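**Q** Sequences and hints are given; from them, build the entire structure.
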Amino acid sequence: MKRESKLRKIGQQGYLLTLLVRRNIKNQYYRSFIGVLWTVLNPLLNMLVMAFVFSKLFGGDTDLDYPIYILSGNIIFNIMRTSTSGSLPCLVHQRNMLQKTRVSIALFPTSNVLSSLVTFSFSFIALLVVALVRFFSGHYVFQWTILLVVLLIPAVTLFSLGISYFLSALYVFFRDIEHIYSVVLTLWTYLTPLFYTIDRLNSDLVTKVMKFNPMFHYVEFFRDLLLGTIPGGTELLICYGFALGSFAVGYAFMRAVRNHIAANL
Amino acid sequence: MAKQKIEHDENCLLEVHDVTMKFTKYDVGVDSLKELVVRAFRGDLRREKFVCLKNVSFKVHKGEAVAVIGRNGVGKSTLLKIVSGILRPTSGWAKCYGRISPLLQLGAGFDGNATGIENIYLNAAIMGYTKKEIDAKIPEILEFAELGDFIYSPVKTYSSGMMARLGFSIAINMDAEIMLIDEILAVGDVAFSKKCYAKLTELRQKGLTFLIVSHGSAVKDLCDRAIWIERGRVVADGDAKSIFDRYTDAMIHPEKANG
Chain E
323 MKRESKLRKI GQQGYLLTLL VRRNIKNQYY RSFIGVLWTV LNPLLNMLVM AFVFSKLFGG
383 DTDLDYPIYI LSGNIIFNIM RTSTSGSLPC LVHQRNMLQK TRVSIALFPT SNVLSSLVTF
443 SFSFIALLVV ALVRFFSGHY VFQWTILLVV LLIPAVTLFS LGISYFLSAL YVFFRDIEHI
503 YSVVLTLWTY LTPLFYTIDR LNSDLVTKVM KFNPMFHYVE FFRDLLLGTI PGGTELLICY
563 GFALGSFAVG YAFMRAVRNH IAANL
Chain S
350 MAKQKIEHDE NCLLEVHDVT MKFTKYDVGV DSLKELVVRA FRGDLRREKF VCLKNVSFKV
410 HKGEAVAVIG RNGVGKSTLL KIVSGILRPT SGWAKCYGRI SPLLQLGAGF DGNATGIENI
470 YLNAAIMGYT KKEIDAKIPE ILEFAELGDF IYSPVKTYSS GMMARLGFSI AINMDAEIML
530 IDEILAVGDV AFSKKCYAKL TELRQKGLTF LIVSHGSAVK DLCDRAIWIE RGRVVADGDA
590 KSIFDRYTDA MIHPEKANG
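Residue numbers (this note's numbering), protein chains in the order written: chain E, 323 to 587; chain S, 350 to 608.
Bear in mind the hints are in silico, worked out from the structure with no lab data behind them. There may be inaccurate statements among the hints.
[Stated by the list, open to error] Derived coverage of chain S by chain E (criterion: at least 3 residues anywhere in the stretch with Cβ under 8 Å from a Cβ of chain E; other residues may be distant):
| id | stretch |
| --- | --- |
| 1 | 433-439 |
| 2 | 448-454 |
| 3 | 467-481 |
[Stated by the list, open to error] Listed next, the in silico SDA-like pairs over lysine to any residue satisfying Cα-Cα at most 25 Å (straight line):
| id | chain 1 | residue 1 | chain 2 | residue 2 |
| --- | --- | --- | --- | --- |
| 4 | S | K383 | E | A585 |
| 5 | S | K371 | S | F399 |
| 6 | S | K486 | S | R448 |
| 7 | E | K331 | S | T479 |
| 8 | S | K505 | E | R424 |
The structure displayed is predicted, hence computed values, not measured ones. Cβ coordinates follow ideal geometry from the N, Cα and C atoms, glycine included.
**A** What follows is the structure, encoded as structure tokens:
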């Protein structure tokens with residue numbers, strides 16, 4: 323009896339989560355003509371622009387074909403970027419609902435992270451399209467290891483979840499975080515080798531510091547898979563270490579302040 | 350929270366025990382990091398505690414309809430939020446032994462871009478119902494809301510009355526055991542308002558339990574018990590008719606109430 327009601331509760335929350343995710347995606351493309359197609363087109367077009375702008379600057383010294391290099395880095399980074407920047411104001415935006423109904427607050431940042439995973443899967447299709455084009459023009463060879471991306475995604479998701487929990491709860495108390503985080507995010511984007519290669523910087527210091535950038539590990543892991551090399555176990559451990567660390571901190575923070583959120587909205 | 354075992358009697362659906370709620374009221378709202386840091390350095394972080402509810406205790410039994418009355422700002426809505434589990438009291442506890450349907454604001458959490466139907470699903474899911482349960486209730490909700498084809502239009506095109514109709518229909522048609530209602534009955538046109546009261550009376554006869562915050566005398570007929578809250582304390586608790594009369598009397602002649 324008790325077990326049954328627990329199962330029911332989990333199913334119910336799952337159902338609510340899918341509704342929220344669906345709503346997020348729908349609202350993102352509300353009233354646009356080609357709707358959800360934008361999720362594929364957007365990264366494609368962005369990649370074209372970046373490949374056009376940066377290929378003269380940085381191109382040539384990447385192991386991967388440069389357009390694929392840019393696109394692969396960006397779609398992984400975007401999971402984190404869109405989920406965290408979307409989650410940051412999500413509790414405050416749902417003020418009305420959170421003050422009037424009893425609902426688990428963690429659902430809102432979680433639904434944001436899941437929506438960005440949906441976006442990622444569409445972007446992944448875009449990547450496959452580009453890879454196919456480059457394959458026919460002889461710049462890229464498909465590798466089976468690309469399938470191992472399923473190992474990486476849970477780590478990136480957990481990592482993003484942790485940051486999302488933390489930021490969305492903190493934003494309730496300190497609205498400054500919005501502005502601070504947008505700067506942090508810009509800095510983070512440039513400190514992660516998305517357009518350039520780390521060798522290009524040719525600095526020991528940067529190489530050392532880069533080890534502490536979780537996004538660097540995620541992005542490089544993904545590129546290794548695209549190149550056909552299987553990253554070592556330590557690399558996988560590092561990826562999950564960062565992920566679990568972030569998730570634990572974010573979740574603990576949200577739990578700690580959860581009872582104060584409704585009163586402070 | 351008190352951990353000792355509380356013997357729970359079968360008929361009690363809702364129990365509020367010694368609830369005190371304090372809000373921190375900064376002299377000037379500290380809402381930003383800078384403000385907090387500057388104040389912390391100046392040692393000026395005066396936190397004025399504002400006591401909203403003090404040692405409130407009561408029990409609601411199965412089938413009772415209880416009205417919570419009192420002036421604006423005495424903590425009635427806060428009490429409902431504590432009962433529904435949205436806010437956690439500073440001390441004391443509130444427990445519900447049944448499914449609650451909080452109706453604190455009609456259409457709280459409606460998504461403007463989504464259609465009426467989609468919002469029914471979303472709203473009910475937030476209230477804790479599964480897809481199957483909602484599917485079963487859809488015809489009744491639609492029939493009660495009387496929105497016709499508008500139900501397939503985005504909610505942002507609705508008038509506030511239509512929005513209220515939809516919100517009320519959802520809340521009232523779900524099988525809750527306790528309904529918490531916060532001054533929302535004054536919405537919609539007369540016909541709908543009448544329909545709402547009729548529905549509430551019908552549910553009441555079915556044995557549903559109510560906790561209603563209101564000033565309206567229409568509630569007087571619906572409820573059999575009233576709790577009068579003044580400055581965060583329960584001043585009177587008992588038969589609805591007599592308490593409503595005393596309350597109205599005190600409102601009109603405030604000088605007498607002090608005596």
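**Q** Hint by hint, note whether the structure agrees.
**A** Hint by hint, here is what the structure shows:
1. 433-439: Coverage by chain E holds for the stretch 433-439 of chain S (5 residues, Cβ < 8 Å).
2. 448-454: Our answer is that it holds, as 3 residues pass the Cβ test (under 8 Å) against chain E, meeting three.
3. 467-481: Check passed, 10 qualifying residues.
4. S:K383 x E:A585: 21 Å, holds
5. S:K371 x S:F399: 5 Å, holds
6. S:K486 x S:R448: At roughly 16 Å apart (the allowed maximum being 25 Å), S:R448 and S:K486 satisfy the hint.
7. E:K331 x S:T479: 9 Å, holds
8. S:K505 x E:R424: Given pair S:K505, E:R424 holds - Cα atoms ~23 Å apart, limit 25 Å.
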